[in-house]
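With chain S fixed as given, assemble chain W onto it according to the hints.
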Amino acid sequence: MSTWAERLDGPVWSRMRDARTVAVAGIVLGIVAALVALPPVTARSPLYPVLFGIAAAVLGLSAALRGARRPGWGAVAAGLLGITLGILATRSSTGNLNLVFTASLIASMFVFSTPLVFGAIAGTFSERSGVVNIGLEGMMLMGAFWGVYGADKGGSWMVGLLVAMLAGGLLALVHAYFAIHLRADQIVGGTAVNFLALGITGYFFFQLYHGQDVPVGVSTIPDMKLPGLEHVHFLNQAFGDLNLMVWLSFALVIVSWLVLFKTAIGLRIRACGEHPRAADTVGINVYAIRYGCVVLSGVLAALGGAYLSIGFGGGAFTDNMTAGRGFIALAAMIFGNWRPFGAFGAALLFGFSTALAYRLPAYSSSAATLFQALPYVLTLIAVAGVIGRTSPPAADGKPYRKQ
Amino acid sequence: MGAPRHDDLVGDAPTVATRLALAHRAGGLAGPVLTTLLAFVVGGLIVLATGANPFSTYRAIFDGSGLNWLFPWVRGADRAFAAGNLQQTLLLTTALLLCGLAVGFAFRSGLFNIGGQGQYLVGSILSVWIGSSLVGMNGPLHILLTIAAATLGGALYAGLAGLLKATVGAHEVITTIMLNWIAVWVGSWLFGDGGALQSHAGGGSFPTSPPVAGSVHLPVFWGSAELQGLDIGFFVALACLVVYALTLSRTALGFEVRAVGFNPEASRYAGMSVARTYVVAMAVAGAFAGLAGAVDVLGWQFSVGVNDIQTSQIGFIAIAVAVLGRNRPLGILLASLLFGALLNGTATRNLDPAVFRPELASNLTLIIQGLVILFVGADVLVLWLWSRRPRRAMAAA
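Listed in order, the protein sequences are those of chains S and W.
Just so you know, we're using my numbering here: the first sequence kicks off at 1 and counts up by one.
Just so you know, we're using my numbering here: the second sequence kicks off at 1001 and counts up by one.
Each hint can be trusted.
Derived SDA-like pairs: lysine to any residue, alpha-carbon spacing no greater than 20 Å straight-line:
1) S:K398 x W:N1263
2) S:K398 x W:E1265
3) S:K225 x S:F239
4) S:K153 x S:H210
5) S:K398 x S:I284
6) S:K398 x S:H181
7) S:K398 x S:N337
8) S:K225 x S:A251
9) S:K398 x W:F1112
10) S:K225 x S:A103
11) S:K398 x W:F1262
12) S:K153 x S:F204
Across the chosen pairs, the derived CB separations fall in these ranges:
13) S:F341 x W:L1045: 42 to 48 Å
14) S:L47 x W:L1141: 49 to 55 Å
15) S:G155 x W:L1045: 27 to 33 Å
16) W:V1033 x S:K402: 30 to 36 Å
Just so you know, these hints were derived from the structure itself, not from any lab.
Ideal Cβ placement from N, Cα and C applies to all residues, glycine included.
Pulled out of the complex, with its shape left as it was, chain S reads as follows (with noise of 0.2 Å):
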């Protein structure tokens, strides 16, 4: 191990970015490995895909060796689970294969972690203020329900999703006040903001709908043609038809990663969360922000639970509509360390994971349930550290004092 260290030269930071490149290169390869197997490639001997599933493990242990633990691991496992996918893949028939990886799949990952980005985005916010949301559940349930109420009434989806916003900044200041104010247990707040959703949305809607379903032709979000693709058969049927929503999911990724780490106020909001006593000290408003990121997190969770009831929903409320996809975004926050970018790639792979799901019945039904696990065992081995650890911000879910 430190022979290889040591033959290598120059100071320690272009060492680590060398290996860095080498497990990225090598979990390139893994996805090449299983990606070789399936349409339009669709190699039939086992062959390809282990070779490539081999040299992306070789990388991934050869920059693991040389520091670059976490994604050199992850090459590792990228190798092996390429391998697996590819063999199983090898042995499917080509009939079944064209049928469930198309282009489409692509488009249906994207319907599928849509909500899941503007819960984890949603999460960041809250966490990196310092007050943990496990309460996401429920604020996307707020919106879910009061967007459909909203787009109902007020004849425009545009007006479901400012009444869903409110909704869920509404129960996201509840959470504020007794984690900010009363100082009262995070977890705890949050649990009791799940059940309070649950119970209003369910309420309200056979309150308000007299125990029938929203009625049919409710103003929805709309799609986005784009112009020009129409001859490009892939990228046509992958990116041409998109909801907006799925658009806006993309545009917050990258301005949430501007604010929180390119901005003074993101620079605030972080050192509340990391130590804010000191960010007390230099005079930011610790109580301002942390309400602040609290009820934005409200309003864009609700959002994402819009989405799934006015977006892709198509105008339809069912009681408890989230079904743990506030939890799944949750889980993506966690597995992306706590970043935009990294939140986003994790809610891409599940949702890719429950597209994936929605297909598999093509094989076995069962099996496409048990499918369904996959995010929560990711984030379970995530957290357990197995590939690399995740580390949330130093003052995660610890109320502040001031002196």
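Then chain W, alone, in the frame of chain S:
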């Protein structure tokens, strides 16, 4: 100056256990009881806003829970009906009590066990598996084996979260949430179409597990076995409550659990193994929840549907039970009875739609649960009482 000063109560870095201990000292029983009343008042206002009468609504929920059986003047057919309802309420209380102990025991060591639901499901799944296989085995032995497996399964499942907390510091809230959903999907896979434990016998439209053998059904001691009477699982839960109380107050393990809950650093300094305590506390907690799954399956469910797995909320309501009961044995007992009665009293078949729509009432239960957790968890009333106290003292002087 009259503003609540939480700091006087909990200091700088409160653990859940210190907070709760101080809350006991400050508010005792008054806090939870008043909070519950307050939550019911808020619920009543919501009922009023809907245009129904809150008093007759609560009366109907009370009657639906069967608690009117306790009144000697309820006679004849009403009494028999009330008895049936009360049996249902106590069946729910049994599971809530055991899962409440699961949340409470972990709480006392300073860990927040949100995974009661997952541990309960692991218990259910193992009970269905062992209870439906090994047919022909000696009945009581089969029951013991099933219960032991479910308890152990729950303990291992929760122990995993404890182990991750103790070794790599993974937050137990996150790991238990993930374990909950893993249990949900693994259960749906096992009992669903094409799953390993899918029942091929039943003709129902929803996929479900095979039923457990008739010889492993727990004996019913009150009511009819055909109509889901109250089985001896209720006494198992009460016995566990005694075990919980004695373990915490009379054993070295209980002392360590409470000490670690108060102050992990000081406990470490005193020579206790904090890591070991976390693992053991979670394992004991999971054992209670796993047992709850076994008692439900062998007592009255007999088979578990995919739908049951995905909609079951017992482990989550148990959080409300433990928070409201302040993790004290008597508190958990009373809180589990309250929520058992609320759940059963607002069930569709028990509440008269002419008084209040049961669909609304079951959501009202959720709102009341949320308010109770929010208010008790934040010690709102305790803080208020605390802020009143010096003033009263001054007035007396």
